[in-house]
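K.L.:
Turn these sequences into a full structure, and let the hints steer you where they fit.
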Amino acid sequence: MTDPIADRAFDLLRAHSPLTEDEWCEILVAHGVGNAREMRELIQSFDVPWLGFLPDGRYMALDVLYRDRILTHRLTAVEIDAGLIAADPDLSPMLTGPDSADIEGFGGARTAYDKLDADILDGRELPGYTHRILVFAPSALADLTPGTLIGLQIVDGRARLRVVSEPLAPPSVTVAAIESRVAEEGVTEVDDVCWEAMQADPRLFTRPTLPLSELVTAAGLVRKGNLIAQTGFDFDNMPGIDAAEILQVIDKLTEEQARAVVAFTELTEAVAAAPAEEQPAILAAASLDEFVPMGAERPARSALEELTVRSECDPNALVTVAEHVARHGPRKLAAAAHWLAARAVEVLDRLDEAQHHLDAAVGADPFWVLALADRARYAIDRGEFTQALGLFDRIDGGQRFPIYWLLEEIVTAGPELGRNDRCWCGSGRKYKVCHLGRGEPTLAQRARLLYQRACVHCDQPEWRRVRTKLGLVRSRHWDTGSLHALDDPLVVDITMFEAGGYADYLTRRGHLLTPDDRLITEQWQTVRRSIYETERVHPGRGITLRDLRTDEHHTIASPFASHHLHQGQLYCCRLVPAGEEMIAGGSFEPVNGDQCEGLFALLDDESTEPDQLIEFLSTRFEECPEG
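Residues in the sequence shown are numbered consecutively from -1, following the working numbering.
What the hints contain is simulated information worked out from the structure, not anything from laboratory work. Since the model is a prediction, treat every value here as computed from it, not as a measurement. A portion of the hints provided could be inaccurate.
[Said to hold, decoys possible] Simulated DEER-style distance windows between Cβ atoms:
| hint | residue 1 | residue 2 | range |
| --- | --- | --- | --- |
| 1 | A75 | G566 | 42 to 50 Å |
| 2 | G121 | P169 | 35 to 43 Å |
| 3 | A174 | F233 | 50 to 58 Å |
| 4 | P144 | R539 | 51 to 59 Å |
[Unchecked claim] Here are the simulated EDC-like pairs of lysine to aspartate or glutamate, each with C-alpha atoms no more than 20 Å apart in a straight line:
| hint | residue 1 | residue 2 |
| --- | --- | --- |
| 5 | K467 | E123 |
| 6 | K250 | D190 |
| 7 | K222 | D232 |
| 8 | K330 | D357 |
All C-beta atoms in this analysis are idealised placements derived from N, C-alpha and C, irrespective of residue type, glycine included.
P.N.:
Spelled out as structure tokens, the structure:
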């Protein structure tokens, strides 16, 4: 599900890029997309990964700009040994837009930032380098040699790295293009120079050439990090890069959005540091209009990350500031402000108050995605499945949420009755006023819903940090080098159970659950992970397992498992009851017979740490790279 208006608007930008705001607005109106006011609001709130800005402020479509281009980087011995690549300045101009968590080539990589992403870097570093880093599996680059030239291209919307083996294009034209775009005074960002040069000359960077860092040197320029200047510029006495510039890169914000986020976080931190009696004066003195660019989803999420993940600001201060902005700030900020207040009071376990703020956010903007998704969480917890599905349906692409299809299955279930027939439940009321659109989930469906909700809870900032650490343990054993272990089923399941995420979910949100849900949670409290033998496979239907610990037999309805598990094979997993049925949580991890004793010792030892269990269950990837 997509937004046809936004798609049409971006298609027109692709066709006419680059455009000023006025030019883009005029084209949209001329093509009948909407009136001038609507189109200007659309442009100002546009939030797509491929939207970029030239130094003069014009909008451009980065996927069009990157088409058939390639940037290069020369590997060093330090990078090869660490399994890391310094992305700035050589590769950074083409890392804006594609999913930075899904870079293909050499087993896969994701981006990280020195000092900010210690969990991802896992103790590895590039000495003296403090910018964006491409993180691979530790041994992913081991077969390459220092001096190897690698190239970055965008293929089908995805960033892809490869070894450059073809002859290089002569650098003279590119050197001249770079030199002509660096100001006589001050500094210029490499990304801006590169984008402007690409836009002006469609031939540049269509063949591999020298890395940008070497082109800058060849142009007689000087460089520090991602900044370049004319020879003689004193970088040491230059004012440092401010927080807004960092946020622009990390969270893909415009300059205006980044400065709004910085101003908001500074105000919140000032309120947090002040005595209660001084806080009203601080709030009254704040200029709320400067927060307007923060009204879109991306900068609002950035503000939350700044205050809850990258720092540990007092959530009470965030509540105070967000509520003040919601009451007294421009209307465009209402949805973002109420959502921030909701997330802050949720940390304080004031869930009814959080739901009130989410309702206010949705009331201020019925299509504000972050508020809709969070409000749907509350509806699901309370058993209001039709309302939750309706909230997801308002989201452009709402079907991408894993829980969506289960909700649809529940809501649309029910007997084929006329609207005016007596309801099947025996209440005596008409079907249309009783259970029409209010499907009654089975206990198995409730269990699957409960598991999904707990997974969503473990995506909150404090639990995402735990998942990241466990994911790094998992990914160290993947010969593919993929660092997508954050969403690996075993990592998620161990985060929930062995690491305590599920218990935290029940502590903080358990009072919202229905009686049936609470019954399921009580059953799950006694469940332990075990080793199972696959006794029978029922193709297309499920499997029958024997618990090696208890000798109990369980039949699991799972077409997926029936196609992927093999009779006689041993698997470690967690089976949880759902009424009279059993369902599998997480993944089925293959186990060799000679591993059983050691694995049971880990499973039965209360002092076993979650990362130890993941370490044990991940060594198989080294033995069997094909997985």
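K.L.:
None of the hints should be skipped; say for each whether it holds.
P.N.:
Evaluation of the provided hints:
Checked against the hint of 42 to 50 Å, the C-beta distance between A75 and G566 comes to roughly 47 Å, which is consistent with it. Look at G121 against P169: about 37 Å separates their beta carbons, and that is inside 35 to 43 Å. Checked against the hint of 50 to 58 Å, the pair A174 and F233 fails, with Cβ atoms roughly 24 Å apart. Taking the beta carbon of each, P144 and R539 are about 55 Å apart, inside 51 to 59 Å as hinted.
About 17 Å separates the Cα atoms of K467 and E123, which keeps this hinted pair within 20 Å; it holds. Distance restraint check for K250 and D190: the Cα-Cα separation of roughly 14 Å lies within the 20 Å cut-off, and the hinted pair is therefore satisfied. For the given pair, K222 sits about 10 Å from D232 by alpha-carbon distance, which is consistent with the 20 Å threshold. Distance restraint check for K330 and D357: the Cα-Cα separation of roughly 16 Å lies within the 20 Å cut-off, and the hinted pair is therefore satisfied.
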